[in-house]
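Student: Go ahead and model the full structure; you've got the sequences and the hints to work with.
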Amino acid sequence: MLYFRGCTAREKQTEIQDATERLLKLAGVDYHILDDEKCCGSVLLRTGFVKEAQNQIEENTKVLKGEKILTSCAGCYKTLKEDYEGLDVMHISQLLNDLVNDNKINLKKSDMNVTYHDSCHLARHCNVFEEPRNVIESVANLVEMENIRENSLCCGAGGGVKSAYPQIADEMAKSRLSQAKQTKCEILITACPFCKRNLENDELEVLDLTEFLMKYGGVDETE
Amino acid sequence: MKPSELETMRKSFNTVKERSSSIKDIPSIKRLTSRVQEIKKYSFDNKDELFNQALESFKRNDIEVKFAETSDDALHIIDDLLEEYDAKVIAKAKSNTLGEIGLKEHLNINIIETDLGDRILQLKKVDNKPVHPTGPASHLSVSEIAGIVNESLGVDVGPEPKEIMEVVRSDVLKRLESAGVGISGANAIAAEEGSLVMVHNEGNISIVSLKDLHIIVAGIDKIVPSLEDAISVVKLETTFATGNFVTSYMNVISGPSKTADIEKKLLKNMYGAERVVVILLDNGRSEAIEECLYCIGCGNCIVHCPVYNAVGNEFGFNNYLGGRGVAMSKFIEDDETCFNSGLYMCTLCGLCTLNCPLSIPTNEILENMRKLSTDVGFYPKAHGNIMENVRKNNSPY
Numbered sequence: 006m007l008y009f010r011g012c013t014a015r016e017k018q019t020e021i022q023d024a025t026e027r028l029l030k031l032a033g034v035d036y037h038i039l040d041d042e043k044c045c046g047s048v049l050l051r052t053g054f055v056k057e058a059q060n061q062i063e064e065n066t067k068v069l070k071g072e073k074i075l076t077s078c079a080g081c082y083k084t085l086k087e088d089y090e091g092l093d094v095m096h097i098s099q100l101l102n103d104l105v106n107d108n109k110i111n112l113k114k115s116d117m118n119v120t121y122h123d124s125c126h127l128a129r130h131c132n133v134f135e136e137p138r139n140v141i142e143s144v145a146n147l148v149e150m151e152n153i154r155e156n157s158l159c160c161g162a163g164g165g166v167k168s169a170y171p172q173i174a175d176e177m178a179k180s181r182l183s184q185a186k187q188t189k190c191e192i193l194i195t196a197c198p199f200c201k202r203n204l205e206n207d208e209l210e211v212l213d214l215t216e217f218l219m220k221y222g223g224v225d226e227t228e
Numbered sequence: 096m097k098p099s100e101l102e103t104m105r106k107s108f109n110t111v112k113e114r115s116s117s118i119k120d121i122p123s124i125k126r127l128t129s130r131v132q133e134i135k136k137y138s139f140d141n142k143d144e145l146f147n148q149a150l151e152s153f154k155r156n157d158i159e160v161k162f163a164e165t166s167d168d169a170l171h172i173i174d175d176l177l178e179e180y181d182a183k184v185i186a187k188a189k190s191n192t193l194g195e196i197g198l199k200e201h202l203n204i205n206i207i208e209t210d211l212g213d214r215i216l217q218l219k220k221v222d223n224k225p226v227h228p229t230g231p232a233s234h235l236s237v238s239e240i241a242g243i244v245n246e247s248l249g250v251d252v253g254p255e256p257k258e259i260m261e262v263v264r265s266d267v268l269k270r271l272e273s274a275g276v277g278i279s280g281a282n283a284i285a286a287e288e289g290s291l292v293m294v295h296n297e298g299n300i301s302i303v304s305l306k307d308l309h310i311i312v313a314g315i316d317k318i319v320p321s322l323e324d325a326i327s328v329v330k331l332e333t334t335f336a337t338g339n340f341v342t343s344y345m346n347v348i349s350g351p352s353k354t355a356d357i358e359k360k361l362l363k364n365m366y367g368a369e370r371v372v373v374i375l376l377d378n379g380r381s382e383a384i385e386e387c388l389y390c391i392g393c394g395n396c397i398v399h400c401p402v403y404n405a406v407g408n409e410f411g412f413n414n415y416l417g418g419r420g421v422a423m424s425k426f427i428e429d430d431e432t433c434f435n436s437g438l439y440m441c442t443l444c445g446l447c448t449l450n451c452p453l454s455i456p457t458n459e460i461l462e463n464m465r466k467l468s469t470d471v472g473f474y475p476k477a478h479g480n481i482m483e484n485v486r487k488n489n490s491p492y
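Chains as they are written, first to last, in the numbering used here: chain E, 6 to 228; chain U, 96 to 492.
No wet-lab data here; the hints were simulated from the structure.
Do not rely on the hints blindly, as some may be mistaken.
Okay, the calculated beta carbon distance ranges per label pair [to be verified]: (1) U/V471 <-> E/D103: 40 to 48 angstroms; (2) U/E102 <-> E/D23: 34 to 42 angstroms; (3) E/G91 <-> U/V237: 57 to 65 angstroms; (4) U/N109 <-> E/E142: 38 to 46 angstroms; (5) E/D103 <-> U/S343: 52 to 60 angstroms; (6) E/H37 <-> U/S236: 56 to 64 angstroms; (7) U/V347 <-> E/E63: 51 to 59 angstroms; (8) U/D167 <-> E/K186: 45 to 53 angstroms; (9) E/D23 <-> U/N488: 17 to 25 angstroms; (10) E/E63 <-> U/Y492: 45 to 53 angstroms; (11) E/P171 <-> U/V471: 22 to 30 angstroms; (12) E/E142 <-> U/E102: 34 to 42 angstroms; (13) U/N109 <-> E/D103: 34 to 42 angstroms.
Here are the computed lysine to any residue pairs in the SDA-like style, where the Cα-Cα straight-line distance is at most 25 angstroms [claimed, not checked]: (14) U/K125 <-> U/T337; (15) E/K43 <-> E/L7; (16) U/K220 <-> U/I204; (17) E/K43 <-> E/Q59; (18) E/K220 <-> E/I110; (19) U/K112 <-> E/Q187; (20) U/K224 <-> E/P171; (21) E/K186 <-> U/S116; (22) E/K43 <-> U/F426; (23) U/K112 <-> E/N152; (24) U/K112 <-> E/T188; (25) E/K179 <-> U/S236; (26) U/K199 <-> U/K269; (27) U/K476 <-> E/N60; (28) U/K487 <-> E/E64; (29) U/K269 <-> U/E258; (30) E/K86 <-> U/R486; (31) E/K56 <-> U/F426; (32) E/K56 <-> U/N463; (33) U/K183 <-> U/G194; (34) E/K86 <-> U/K112; (35) U/K125 <-> E/N156; (36) U/K487 <-> E/P171; (37) E/K186 <-> U/D266; (38) E/K179 <-> U/N109; (39) E/K86 <-> E/R138.
Since the structure is predicted, the reported quantities are computational estimates derived from the model, not experimental observations.
Ideal Cβ positions, reconstructed from N, Cα and C, are used throughout, including at glycine.
Tutor: What follows is the structure, encoded as structure tokens:
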């Protein structure tokens, strides 16, 4: 399996790459990464640079074709699945769900209350709703926000808004965080590095699904 | 918009959401929704035939009809009519299309808004763009509104909705005593019957339509095959805009006021308008993307749009608010206007489409428009830098 880290988990939210690799090792997944991994082109496609995105797609397709691809990033997942042709791609939340169901990872459930933010790319756009929830519920109590699944509120980062209009992205993150706080959860979980990046704040701990499992799932790496 | 206005707007939107979400999923409204989807698709596919049929039907009904290719054309037609009637004051109903052509900015005469929300915004004078197609002043609190009314009308009302309404109503009626011309839009046009359907709760459109001359400006996208279709469209609009099945009033105008009660001789202008003039406006619509023209103006997209909830009417074009308004601005105006209206403010999240009764794929439309916009050089500088980073380093960072 090829673990396609994505630019955010590879360069900015490296804790996500770290947690993901530790989980893969723990579950005995045979995987490799690319030393010269290239941007999938998602940011270019969403901001209108289609010609430039096409270059990324062509270059990446040469390397990715024929591989079983795993992504951390909901944006990479959508792009590799919908904007590329003929790739076999899955999101980490789907793989984790399989691993949990097949008892490949031993997790311990606590009575911690957590909530989950559906990323637009993963949920509304690609219909991945259940898998991350199943994984979370094997470890903690999931308390849902007012807007969930296909009705989930966008965190504010997508579509190039975070770079072009950071104040709008911040304002939207505040709305989403206020919904999260209303659940009285202890942790807000996402399955998208870019959502995590936008939602991070000083009051409520925000973790990627992989980090959450590593930190609170009771995993034993010495086994 | 000020933070307090955004806060009030979000509260108003939550009320609308609660009301509309309780009825939009019931079986009869679901059937109505799919019926209107078919109607709008059929109307687009047969737009030329329906346009010609509407022209014929209007003529048969003694409604004068004029075609305006641009805003300027529409304004010239209106100028000529107002000159003919020597109009000093005109009664105006709420209309996004009249906002689109910039009627108020263009005319030097006294235009009186008859819709309470619009009248409040008119009295506010500055920074007075509407925030919702049917609830234009949903961002203003009752005390802010009292302040606006007191300052502009030289009165002293308290922050009491009823008191405010009564003061504004009597002032509007007094000002309209001498008005001989009313102007409005239309919510839907029935081609077969040559009828114009208008929905309202205040009764104000009735006032406008009872003036000697009633001018109606409507986009060519408002034309549907029949009166039943037009009623379906406005009912769905009402449901999604307000959460109610119907408005208090639904005016169907199919000709000037007339009687033949004396020896069967036709007389005009019994109570209502002696003359009805319809201006059918293109203004970029014939170049617009099909799905953009499905819009029935309910505003449910902006009520659910997280960007709109964060920034308000800065995201949108003129009276066309939110992402779909941004898309229309390209056709009504140009690429630069589209950029400035917020082409890149959209996070492409897709909540608008999910909540649109016509499922207009606004995020896809905007994503495609960005390609065309970057081609002609209108894109945020930050995105240009990111593109360069990817090109040089294979990473946006």
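Student: For every hint, state whether the structure bears it out.
Tutor: Okay, the hints, checked on the actual structure:
About 47 angstroms separates the C-beta atoms of U/V471 and E/D103, a value consistent with the hinted range of 40 to 48 angstroms. At about 40 angstroms, the CB distance of U/E102 to E/D23 agrees with the hint of 34 to 42 angstroms. The hinted range of 57 to 65 angstroms is satisfied by E/G91 and U/V237, whose Cβ atoms lie roughly 60 angstroms apart. In this structure, U/N109 and E/E142 break the distance hint of 38 to 46 angstroms, their C-beta atoms being roughly 29 angstroms apart.
A beta carbon spacing of about 57 angstroms between E/D103 and U/S343 agrees with the range 52 to 60 angstroms that was offered as a hint. Evaluation of the 56 to 64 angstroms hint for E/H37 and U/S236 yields a pass: the beta carbon distance comes to about 60 angstroms. Hint check: U/V347 to E/E63, Cβ distance near 58 angstroms, so the stated range 51 to 59 angstroms holds. Checked against the hint of 45 to 53 angstroms, the pair U/D167 and E/K186 passes, with Cβ atoms roughly 52 angstroms apart.
Between E/D23 and U/N488 the Cβ separation comes to about 22 angstroms, which falls inside the hinted range of 17 to 25 angstroms. Range check, E/E63 to U/Y492: Cβ separation about 22 angstroms, and the 45 to 53 angstroms hint is violated. For the hinted restraint 22 to 30 angstroms between E/P171 and U/V471, the CB-CB distance of approximately 25 angstroms keeps it satisfied. For E/E142 and U/E102, the Cβ-Cβ distance of about 35 angstroms falls inside the hinted range of 34 to 42 angstroms, so the restraint holds.
For U/N109 and E/D103, the hinted distance range of 34 to 42 angstroms is satisfied, since their beta carbons lie about 39 angstroms from each other. For the proposed pair U/K125 and U/T337, the alpha carbon gap of about 16 angstroms is at most 25 angstroms, so the pair holds. Simply put, E/K43 and E/L7 have alpha-carbon atoms about 13 angstroms apart, close enough for the 25 angstroms limit, and the pair holds. A hinted pair counts as satisfied when its Cα atoms are at most 25 angstroms apart, and U/K220 with U/I204 qualifies at roughly 16 angstroms.
Among the hinted pairs, E/K43 with E/Q59 is consistent with the structure: their alpha-carbon atoms are about 13 angstroms apart, no more than 25 angstroms. For the proposed pair E/K220 and E/I110, the alpha carbon gap of about 14 angstroms is at most 25 angstroms, so the pair holds. A distance of roughly 19 angstroms separates the Cα atoms of U/K112 and E/Q187; the hinted pair therefore holds under the 25 angstroms criterion. A hinted pair counts as satisfied when its Cα atoms are at most 25 angstroms apart, and U/K224 with E/P171 qualifies at roughly 24 angstroms.
A distance of roughly 24 angstroms separates the Cα atoms of E/K186 and U/S116; the hinted pair therefore holds under the 25 angstroms criterion. Proposed proximity of E/K43 and U/F426 is contradicted: the alpha carbons are some 37 angstroms apart, above 25 angstroms. About 12 angstroms separates the Cα atoms of U/K112 and E/N152, which keeps this hinted pair within 25 angstroms; it holds. Restraint check for U/K112 and E/T188: the C-alpha separation of about 20 angstroms stays at or below 25 angstroms, so the hint holds.
At roughly 23 angstroms between alpha-carbon atoms, E/K179 and U/S236 fall within 25 angstroms of each other, so this suggested pair holds. Of the pairs offered as hints, the one joining U/K199 and U/K269 holds, with about 20 angstroms between alpha carbons and a cut-off of 25 angstroms not exceeded. Restraint check for U/K476 and E/N60: satisfied, since their Cα atoms lie roughly 21 angstroms apart, inside the 25 angstroms limit. For the hint linking U/K487 to E/E64, the alpha-carbon distance of about 14 angstroms falls within 25 angstroms, and the restraint holds.
Under the criterion of a C-alpha separation no larger than 25 angstroms, the hint pairing U/K269 with U/E258 is consistent with the structure, at around 17 angstroms. The hinted pair formed by E/K86 and U/R486 meets the criterion: a straight-line CA distance of about 22 angstroms does not exceed 25 angstroms. About 24 angstroms separates the Cα atoms of E/K56 and U/F426, which keeps this hinted pair within 25 angstroms; it holds. For the given pair, E/K56 sits about 13 angstroms from U/N463 by alpha-carbon distance, which is consistent with the 25 angstroms threshold.
Proposed proximity of U/K183 and U/G194 is supported: the alpha carbons are some 20 angstroms apart, at most 25 angstroms. Among the hinted pairs, E/K86 with U/K112 is inconsistent with the structure: their alpha-carbon atoms are about 34 angstroms apart, more than 25 angstroms. Distance restraint check for U/K125 and E/N156: the Cα-Cα separation of roughly 18 angstroms lies within the 25 angstroms cut-off, and the hinted pair is therefore satisfied. Pair hint U/K487 plus E/P171 holds up; C-alpha atoms about 24 angstroms apart against a cutoff of 25 angstroms.
For the hint linking E/K186 to U/D266, the alpha-carbon distance of about 47 angstroms lies beyond 25 angstroms, and the restraint is violated. Between E/K179 and U/N109 the CA atoms are separated by roughly 17 angstroms; this keeps the pair inside 25 angstroms, and the hint holds. At most 25 angstroms may separate the alpha-carbon atoms for a hinted pair to count; E/K86 and E/R138 meet this at roughly 21 angstroms.
Checked against the numbered hints above, the structure violates hints 4, 10, 22, 34 and 37; every other hint is satisfied.
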